[in-house]
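S.K.: The listed protein sequences derive, respectively, from chains X and U.
Residues in the first sequence are numbered from 1 upward in steps of one, following the numbering used here.
Residues in the second sequence are numbered from 111 upward in steps of one, following the numbering used here.
Covered stretches of chain U, going by a simulated chain X footprint (3 or more residues, C-beta under 8 Å):
1) 294–300
2) 304–315
Anything over 10 Å on all C-beta distances counts as not near chain X; from chain U, calculated:
3) Thr112
4) Glu166
5) Glu322
It should be emphasised that the hints constitute simulated quantities derived from the structure, not laboratory data.
Don't be surprised by glycine CBs; every beta carbon is placed ideally from N, CA and C.
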Amino acid sequence: MTRRVKQRYLALKIESVESFEDEDIKDAVWNAVTQLFGEYGASQVGLFLVQCDRQRKVAVLRCSHKALEMVHASIVSVTKIGDKPVAMRVLRVSGTLRALKRKLEDDSLV
Amino acid sequence: MTKFVDLHLCAPFRNVEQLRKMVTKSFELGYRSVGIPLPPNVELDEVEHLRKICSEAGIDFVCRVDIIPGNTNELLANLRRLRRKFEVASVLCTSKSVARQAAKDRRVDVLSFPVVKQRNRFFDRAEAELASESSSSLEIDMASLLSLEGFLRIRLISSLRREVAIAKSFRVAVVISSGAANDYLLRGPHDYSALAMLFDMDSSLAFKALSEVPWGIVERNRLKLGPDFVAPGLRVVRRRDP
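Work out the full structure: start from the sequences and follow the hints.
M.R.: Below, the structure is given as structure tokens:
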């Protein structure tokens, strides 16, 4: 019997004067993971873009809880999307999407 | 509550708008104290103006000088001239002799090394032993880690991993600073702690390098620069009424 894989949900703030498509954000994080940890590392993170609020520039990503540190380091290492400068930082991390949304509401970020 | 300090915010201090923006951003990210490097010939009223901008943003300003000496004589001359003017003195070690002299001089708070020229990173075991005796700290600028790409970044991470391991074994304090010259390179303390795992620094040590260690340097030097300081461990408690 295989064990259920625990997940972590990360809310991230995208700081840029430009606005980006969901695909661009996903690709930027994937590229950062691949650059820092290689293809072997990237195969372990189980990254998934859950949602993206373009107006507030907040995105929610899901990853394997074992790869949380790797994903966090990769997210903050993003400095560009295409040629446009960008800063990404992790606002909150949670084990469930519901708890993450509650935390963001408490911080009045959503 | 942990007091996070960014000891190396490279904000352009004559560009008031950009400076205000970066200082406000630092406050939003959770820092309560920032060190801004100033030129050695900075005027006192410019420093006061900076202090005012920072206090308006709710942040404590730390006056810092980055010394880049060509040789040891230049280093000693600069330290003699500048040490009492600035709260934090950092030395960028561009040669081995300068690195050794800076590591054994108690007036140097922070040792930093060139980012791109890996051969000029002189933080080895001998350097660490000297730094440990004189309580100097090793500074890691995270902006370089963010802005470099490809092979240069691989080499930098590898050097940092080696240096952090040496610092740990010789009990040399490590300071993590942003080194950011624009707000796109600024990150929060938790983000830097996550990045520090790239060079095998665990989160407790990373948080120390972002809070306790830099704040310890600032407090120690403020005490030394204060009017009551006589010598290490000795200060004026009360003065006789004239």
